[in-house]
Amino acid sequence: MNNKILSATTALASIMALSSAQADITVGGTFNGLWGSGDSYASQERISITESAYVTYTDTLDNGMGIEGVMAYESGGGGDFDISFISDMGTVSFGNGLSGGPVDSMDSHPVKSSFASSRKLPQGLSADYEDGDGVTGAAGFDDSNQIVYTSPKINGFTVKAGIGFGTTAGYDDIMAYSISGKIAGFSVKGGIVDEGNTDSRTGDENYMIGIKAPKLAGYTIGYGLYDSDSGDSYTVVGVKTPKIPGLGATFQYEYFDVDNPGATADDDGSIASLQKSFGGGVKASIEYHVASVGSNADVENFFIGYKIGF
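So the sequence shown is residues 821 to 1130, counted in the numbering used here.
If you're looking for bench data, these hints aren't it; they were derived computationally from the structure.
Incorrect hints may have been included.
Simulated pairs of lysine-lysine, DSBU-like, Cα-Cα distance not exceeding 35 Å [stated by the list, open to error]:
| # | residue 1 | residue 2 |
| --- | --- | --- |
| 1 | K1103 | K973 |
| 2 | K1127 | K1103 |
| 3 | K1002 | K1063 |
| 4 | K973 | K1035 |
| 5 | K1035 | K1063 |
| 6 | K1035 | K1103 |
| 7 | K932 | K1002 |
| 8 | K1063 | K973 |
| 9 | K1096 | K973 |
| 10 | K1035 | K1002 |
| 11 | K1063 | K1103 |
Please model the entire structure based on the sequences and the hints provided.
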């Protein structure tokens, strides 16, 4: 048996032994595929095909506290294990699959037009926004060494705070904070990350703000601001239509304005997509990306993607 599966199974069994109360175990997974064609590719290319599966165990301990353990596996061989303790005072989570931290868990675009990523920039623009609290792979940090606290809802708002511990001399811990809720029908969210100091640089601070307006005649409009000291910053405005009669798909559009520090001109771009749900956890998307980088010619690409969840 695969050592990772054996270790994770043993860990899950240990959790189950903590309480004799009624427990729930659920199994789920996803299959994702994405193909691209255009200026960024020599021909039509398969960008990615990924499969993942997860097992969730939930129970109530004898003292009334809730417990949840999640094991997730990906086709590339990666695996995550998280455990959360839940009470009226909030939830404390430990592990290496915590969506990167408090900000990663909510910094997706208010209107998402791309299947490829929840905060995807048009193909051809600079790399996606990095909020800094996802310490996976970061030099000097241990991605298995995170703690995240999630508050109960307070007047409709939820607060998260997290820490990613530095494991190398000269590297400070990563601190992250976020808040989300509703104001007058508008969904709002914000987050800030202090990456701390390292031997080579002063700590960067990254933040994001997202606003989504109430639906108007079935239309959704969103705005996002993503600022990264360690990279480019951008704003995005998006709109999502109601389902198109006879087609059953929604049209989604996002416009991006990228601020390039030190560059003579900023970049911009857009993503337009048709997304359709076929029921049974099956979804598909057709996307058109255009990027204007400085004075260069526009970069245009097309994508077809699918998702199957169970």
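Hints versus structure:
1. The hinted pair formed by K1103 and K973 meets the criterion: a straight-line CA distance of about 31 Å does not exceed 35 Å.
2. Our distance criterion of 35 Å between C-alpha atoms is met by K1127 and K1103, whose separation comes to about 5 Å.
3. Our distance criterion of 35 Å between C-alpha atoms is met by K1002 and K1063, whose separation comes to about 25 Å.
4. This hinted pair checks out: K973 and K1035 have alpha carbons roughly 23 Å apart, not beyond 35 Å.
5. Using a Cα cut-off of 35 Å, the hinted pair K1035 and K1063 holds, with the two alpha carbons roughly 13 Å apart.
6. The suggested pairing of K1035 with K1103 holds, with an alpha-carbon distance near 22 Å, which does not exceed 35 Å.
7. At roughly 19 Å between alpha-carbon atoms, K932 and K1002 fall within 35 Å of each other, so this suggested pair holds.
8. For the suggested pair K1063 and K973, the alpha carbons sit about 32 Å apart, so the restraint of at most 35 Å is met.
9. Simply put, K1096 and K973 have alpha-carbon atoms about 32 Å apart, close enough for the 35 Å limit, and the pair holds.
10. For the given pair, K1035 sits about 13 Å from K1002 by alpha-carbon distance, which is consistent with the 35 Å threshold.
11. The straight-line distance between the Cα atoms of K1063 and K1103 is roughly 14 Å, inside the 35 Å bound, and the hint therefore holds.
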